[in-house]
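Q: Could you build the full structure based on these sequences and the hints that come with them?
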Amino acid sequence: MQFLKGNVLLPSIKHLRYFGASAVLNGKRWLPDVNFMKQFEGVALYATPEMEKYAKVYYDGRVKPIERKLKYMWLNFGPQHPAAHGVLRLILELDGEYVLRADPHIGFLHRATEKLMEYKHYNQSLPFMDRLDYVSTMCNEIGFALAVEKLLNIDVPPRAQAIRVLMSELSRVANHLLNVSGTVLDAGGITPFFWMCEEREKIYELFERVCGARVHNAYIRVGGVSQDIPIGYLDDVHEFCMKLGERCDETEDLVTGNRLYYERTAGIGAFSAHDAINLGFTGPMLRCTGVKWDLRITHPYIGYEMYDFDVPVGTFGDSYDRHLLRCMELRQSLRIINQVIDTMPEGEVKTDDSKVTMPSRAEMKTSMEALIHHFKLCTEGYNVPPGATYTSTECPKGELGIYMVADGTSKPYRVFIRPCSYLHLAGLAVLSPRMMLADISILIATIDIVFGDIDR
Amino acid sequence: MSFTLRTINVGRNVARVLFNKVCYPVSQTVAYKSDQSQAENRPTVAKLDPLQKSQLIDFGKYVSDCLPKYVQKVQITSGNELEVLVHPDGIIPALQFFKDHHSAQFVNLVDIAGMDVPSRPNRFEIIYNLLSLRYNSRIRVKTYTDELTPIDSACEVFKAANWYEREIWDMYGVFFANHPDLRRILTDYGFEGHPFRKDFPLSGYVELRYDDEQKRVVVEPLELAQEFRRFELSAPWEQFPNFRGNPVEEVTTADPKKE
Chain H
1 MQFLKGNVLL PSIKHLRYFG ASAVLNGKRW LPDVNFMKQF EGVALYATPE MEKYAKVYYD
61 GRVKPIERKL KYMWLNFGPQ HPAAHGVLRL ILELDGEYVL RADPHIGFLH RATEKLMEYK
121 HYNQSLPFMD RLDYVSTMCN EIGFALAVEK LLNIDVPPRA QAIRVLMSEL SRVANHLLNV
181 SGTVLDAGGI TPFFWMCEER EKIYELFERV CGARVHNAYI RVGGVSQDIP IGYLDDVHEF
241 CMKLGERCDE TEDLVTGNRL YYERTAGIGA FSAHDAINLG FTGPMLRCTG VKWDLRITHP
301 YIGYEMYDFD VPVGTFGDSY DRHLLRCMEL RQSLRIINQV IDTMPEGEVK TDDSKVTMPS
361 RAEMKTSMEA LIHHFKLCTE GYNVPPGATY TSTECPKGEL GIYMVADGTS KPYRVFIRPC
421 SYLHLAGLAV LSPRMMLADI SILIATIDIV FGDIDR
Chain E
1 MSFTLRTINV GRNVARVLFN KVCYPVSQTV AYKSDQSQAE NRPTVAKLDP LQKSQLIDFG
61 KYVSDCLPKY VQKVQITSGN ELEVLVHPDG IIPALQFFKD HHSAQFVNLV DIAGMDVPSR
121 PNRFEIIYNL LSLRYNSRIR VKTYTDELTP IDSACEVFKA ANWYEREIWD MYGVFFANHP
181 DLRRILTDYG FEGHPFRKDF PLSGYVELRY DDEQKRVVVE PLELAQEFRR FELSAPWEQF
241 PNFRGNPVEE VTTADPKKE
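Residue numbers (full-length UniProt numbering), protein chains in the order written: chain H, 1 to 456; chain E, 1 to 259.
Hint data in this document are derived by calculation from the structure and do not stem from the laboratory. Nothing false has been slipped in among the hints.
Within a straight-line C-alpha distance of at most 30 angstroms, the following computed DSS-like cross-link-like pairs (lysine-lysine) qualify:
#  : chain 1 : residue 1 : chain 2 : residue 2
1  : E       : Lys142    : E       : Lys198
2  : H       : Lys365    : H       : Lys120
3  : E       : Lys142    : H       : Lys292
4  : H       : Lys115    : E       : Lys159
5  : E       : Lys53     : H       : Lys355
6  : H       : Lys376    : E       : Lys47
7  : H       : Lys56     : H       : Lys69
8  : E       : Lys159    : H       : Lys292
9  : H       : Lys120    : E       : Lys47
10 : H       : Lys376    : H       : Lys115
11 : H       : Lys115    : E       : Lys142
12 : E       : Lys99     : E       : Lys142
13 : E       : Lys99     : E       : Lys73
14 : H       : Lys202    : H       : Lys243
15 : H       : Lys38     : H       : Lys28
16 : E       : Lys198    : H       : Lys120
17 : E       : Lys73     : E       : Lys142
18 : E       : Lys99     : E       : Lys69
19 : E       : Lys73     : E       : Lys198
20 : E       : Lys73     : H       : Lys115
21 : E       : Lys69     : E       : Lys142
22 : H       : Lys120    : H       : Lys376
23 : E       : Lys99     : H       : Lys292
24 : E       : Lys142    : E       : Lys47
25 : H       : Lys115    : E       : Lys198
26 : H       : Lys376    : H       : Lys365
27 : E       : Lys69     : E       : Lys53
28 : E       : Lys47     : H       : Lys292
29 : H       : Lys69     : H       : Lys53
30 : E       : Lys198    : H       : Lys376
31 : E       : Lys47     : E       : Lys61
32 : E       : Lys53     : H       : Lys292
33 : H       : Lys120    : E       : Lys142
34 : E       : Lys53     : E       : Lys73
35 : E       : Lys47     : H       : Lys355
36 : E       : Lys61     : E       : Lys142
A: Here it is as structure tokens:
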């Protein structure tokens, strides 16, 4: 009834818009009809040859994995690096943080010392030896002096030998001070480095008092030492050594029992005695594995058999052992220095043979023969009889050997210097796989390399 | 006395020395030089140990009996150092013998040195210094080669030989066959030549400088402000009349036709 009423009412209000409930359902909308749909039947596009180059997208529900080519990271632990202890270029192949291969490149400090020595006579080439291991300088000179003395077949007086022992042990102390504090510096503790460098300054002052030069002192000469030690020197050495034990205690209290340092160094770079001997390690690197081998005891030179000292030997061959070994060796060196001070013999400091050692200046100014000897020694140098020798000394870093071939003139024919740290760095390439990058810097520090020695 | 008994005695003696921690005194008052028969007590002359010398002589004879094919000469210097001269073909068997033989046990390779003597046809001499930790003694093994002949690498015998052989290749140009990684070690990356040869000049052939225009380091022929000064320092009279002949003492074996 109501519906009809709406329809009847419609013509009366034609001027109004039609608002009905069914406007949405069947209003004025266009919907496609069959004729319209007929134009979409059939093929839309035929494939042409150019369409082969288009990117084809296959609609596939399965997701394929993205293939990537992986390479390990090559890191250049470059020649200029604070942790590289000199000029070491280490090419590291890293898998994340783990080192797969380490390839040391050396030669950045190569000065052709051996070739230069062939053109200079023996006293002129003595200062080259200082510049090899420049943290413990007197020990290198001792090696050279011993080699030439062996070829000359001469012996030095006992006072000169005692002075040589004193200087050698002071150099050993200086070296171990630097190495221990340098390792702690690489592990992150900065302060022991400053404490121990202050002690090294005192050693430099002692060296300067005895020969005039702090670091590169051409003091140990063939035939003895160049001049006698000054008056009151031994008192100052004694005072220094009395206090050095306490300085080392300060550092050891901070470092040796420290859990962080132990975590950093224990187990790092451990190797067996068999590996050490086969790889040619000497010195503290060999002793940390348990082999009791010290050239001061097995082949005593410059009178070491007269002093009583122990040689510490490690157990595991890792970096912590080397740290402990060097600290103990330092204290044994102090023991030797005290014995030398107590038993320093009187006498002359150069061998009496004027054909080899220079006469004193007072004598040179008064005696004609001394003047002639001085002149001949300064210009031509002493002639060394033909022969060959291999002489080695226990440097703080290892065994420094000199293979010298003399041909009867005043210049050597061939000098081969067997460096202490050369094979230790070659061993780094063998030891460093399976270690992490942070351990590499600790390992370089405990191996105790110095590039004046390696590159010569 | 047979050689084996003598070497056993040698071993026992040094073993007793080593394990009882008695070190051999180097400065003994009893010493023999080659032309003196009484004790050496002049203060400026070195005093050597005759027992060590006789032990080394015995060992040298034993070595030349053990390796007759390769050992060409055994000599001992006046400073009591034993040298064994080996043919280059037999350097690896000789080194293996010295490392593994029970009365040798020279397990530690101390160094390998090279030496250039241009006057010889085989101009390069390779010298292996070995050390025995067990018997506390050293020995030198020498061999020779020329510029073109390779020598077998000692890397499989001693791992320490790796870098030393690289250095000899770099400095002298001696090629080592079967070396795992023979490349330059001490010279610059683009360096040409082998510096330690006697015909290579001391100041080299080239100099390097930084060129500002090319903004890199350039290599140029050498220019020195002063020419190289050679001093003729040799005295007109003979210095060592005793050394007119062979400076080292020869050790002959019992069989004269083996030398």
